[in-house]
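Colleague: Numbering-wise, the sequence shown is residues 9 to 601 according to my numbering.
Don't take every hint at face value.
Computed Cβ-Cβ distance ranges for the label pairs, DEER-style [as the list claims (entries may be wrong)]: (1) Val441 to Asn464: 17 to 25 Å; (2) Glu139 to Tyr373: 31 to 39 Å; (3) Lys42 to Ile241: 41 to 49 Å; (4) Arg589 to Thr30: 31 to 39 Å.
Think about it this way: if two alpha-carbon atoms lie no more than 27 Å apart in a straight line, the pair counts; the simulated BS3-like pairs of lysine-lysine are [what the hints assert, rightly or not]: (5) Lys353 to Lys536; (6) Lys557 to Lys483; (7) Lys128 to Lys243; (8) Lys536 to Lys475; (9) Lys98 to Lys76; (10) Lys98 to Lys42; (11) Lys28 to Lys573; (12) Lys500 to Lys582; (13) Lys573 to Lys501; (14) Lys85 to Lys156; (15) Lys574 to Lys28; (16) Lys353 to Lys42; (17) Lys500 to Lys42.
If you are wondering where the hints come from, they were derived from the structure by calculation, not from laboratory data. From the three backbone atoms N, C-alpha and C, an ideal C-beta is built for every residue, glycine too.
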Amino acid sequence: MHNLKFEEKKLSVKGYKWQKKTLTTSFKQKIIDKFNVSNVIAEIIATKFTDLDDVENFVNATLKQNMKDPFILKDMKKGVELVIKAILQKKNIVIFADYDVDGATSAALFKNYFRKIGSKIDIYIPDRIIEGYGPNSNALLKLKQQNKDLVITLDCGTTAFEPLEAASNAGLDVIVIDHHLGTKETPKALAIINPNRVDESGEYSYLCAAGVSFLFLIALNNMLEQEGFFDHIEKPNLLELLDLAAIGTICDMVPLTNLNRAVVKQGLKILRQTNRAGIRALSAVSGCNLADVDSYHLGFVIGPRINAGGRVATSNLGAELLSTDNYEEAYKIAIQLELHNKERKAIEQMVQEEAIAQIEQNKLYNNSVIIVAGQNWHPGVIGIVASRIKDKYNLPAIVVAFDNNIGKASCRSIKGVDLGSEIVTANKKGLLVNGGGHAMAAGFTIEEEKLSLLINYLNGELSDSVKVAHTNKVKEYICNVSISAFNVEFLKKINILAPFGQDNPEPRFVIDDCKIFNLKKIGTNHLKLRLVESVSGIYGQSLDAVVWKALDTDLGDALLQSQGKKVSVLGTIKLNKWNERETPQFQIEDIYV
């Protein structure tokens, strides 16, 4: 079919140059020969890899292939030994976890495992508004007063210097299990298990806290077996916990490569037939069919609801939901989370509108990083708003919620700009009360009088990397495909590439020379239309298409003005299921007119 000559075109409606991904034709043929896949599937895989062993690991990702010895992580053996000692001596152990999905799933992993081995463990989730992120001295000292012997921090603790020193001085033992960027100094803890410690080898650096927690439980399970712990009780099957690890991995947006890919791929299989009370209850309340669940549902249906309590209400609801084995209790919590999620959406919309008005009025989109701040903005939604701003302006975005001259901030970055490391550096320079994170996401607390200093610092430090990221804005795609090629059989073959997510996005395709018909609004701001092969007019091959959040945008306006005209579209293809019917649906991201 006709191929669009993009070099003869101006930029797309959204300001991008479309670029076909490169591959070696001979390698593509090797993939076809070895894995018996279609030409297009082989083409997609060939854009990712140059070695057949890597392809094998990708296509048939297993835990066995990707799991290395958990004890290669520093302090892993020490931490496991301390926990075993606490279990055998029946000491009071408590989990201190973050209030997001990664923290909730990590806490639930421990709670469910300890239930299986007949040991007690409590969970403490700090209040986002009152206590903020991570361990705080008041909470730890209170736990000591409650006769807790050992605290295990999950998804937090790596930079909690003062609180952990206070705990140590009070005689409270602490083990840190985390994945956030560390510094040369380490807090006062008995063990710090974090693949992103400065002195780590880099192995497993891509894991989220749920992934590190799963590794810890593997090490604990094996060492307990060596101690003879399972001579009289059944050894837990840790594969049964992969559903929780998969949810944490998807929702924390870590790369879906190596062990992460294996965890999610196997975890989704378990989720589709799970008996876990909390997941079943959440599925019933949200209308999500577990039999069809994929990474999209984890990221956009299940995850936000688990998160909702920590964002706008009671922080521990998500962890409680995933930890209980009582369906009635789980259903009550799921109903609460559903209501809180609706409340979160309303609050988020208000903060987003105020933030964008601030950006437009002050032309903050001309800076290297967009930093907006508001009094009494709800800290529970600023991370989502930062992500929306980042997507809208294609710039790193920071949203700060001030209360009594102290601001709590969430940061989201764009590809190629390491915002997390700059936040860590700013903290070292005394610009922040505290702060940390990783390349694409971070958070901090700041005194209001220092905000202008931080703005100047970040705009200066990030200027070059943002310029590089913006040079030759490119949307890469796999190949040009005709409308007739998109059928149900083709879509089912693409599933060999799933699960999709960070570092394994759904493949993009370009459809050339098609026309737009039957364009209409659906929902609040989405568009639905039919794409028709222009060579045959309105009676030619056609395909359903949607454009999410397109109303009143440049893309939406261009589509409205292009009805009946010849265009080229770029996007992904989905299998849409409705009333037991399966049909292909193209999700448009950009167009050339």
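Colleague: Now look at each hint and say whether the structure bears it out.
Modeller: So, going through the hints one by one against the coordinates:
1. Distance hint check: the CB atoms of Val441 and Asn464 are about 18 Å apart, consistent with the given range 17 to 25 Å.
2. Taking the beta carbon of each, Glu139 and Tyr373 are about 34 Å apart, inside 31 to 39 Å as hinted.
3. Against the hinted window of 41 to 49 Å, the Cβ-Cβ separation of Lys42 and Ile241 comes to about 45 Å, which satisfies the hint.
4. Between Arg589 and Thr30, the C-beta spacing of about 38 Å keeps the proposed range 31 to 39 Å intact.
5. Annotation: proposed proximity of Lys353 to Lys536 holds, straight-line Cα distance about 23 Å (limit 27 Å).
6. Between the alpha carbons of Lys557 and Lys483 the distance comes to roughly 19 Å, so the proposed pair stays at or under 27 Å and holds.
7. A threshold of 27 Å between alpha carbons decides the hint, and for Lys128 with Lys243 the separation of about 17 Å falls inside it, so the pair holds.
8. Distance check on the hinted pair: Lys536 and Lys475 sit about 35 Å apart at the alpha-carbon level, beyond 27 Å; violated.
9. With a C-alpha separation of about 31 Å, the suggested pair Lys98 and Lys76 falls outside the 27 Å cut-off, and the hint is violated.
10. With a C-alpha separation of about 54 Å, the suggested pair Lys98 and Lys42 falls outside the 27 Å cut-off, and the hint is violated.
11. Between Lys28 and Lys573, the direct Cα distance comes to roughly 24 Å. Compliance with the 27 Å bound is thereby established for this hinted pair.
12. Proposed proximity of Lys500 and Lys582 is supported: the alpha carbons are some 10 Å apart, at most 27 Å.
13. Pair hint Lys573 plus Lys501 does not hold up; C-alpha atoms about 32 Å apart against a cutoff of 27 Å.
14. A hinted pair counts as satisfied when its Cα atoms are at most 27 Å apart, and Lys85 with Lys156 qualifies at roughly 22 Å.
15. With a C-alpha separation of about 21 Å, the suggested pair Lys574 and Lys28 falls inside the 27 Å cut-off, and the hint holds.
16. As the CA atoms of Lys353 and Lys42 are separated by approximately 48 Å, the hinted pair breaks the 27 Å bound.
17. Between the alpha carbons of Lys500 and Lys42 the distance comes to roughly 19 Å, so the proposed pair stays at or under 27 Å and holds.
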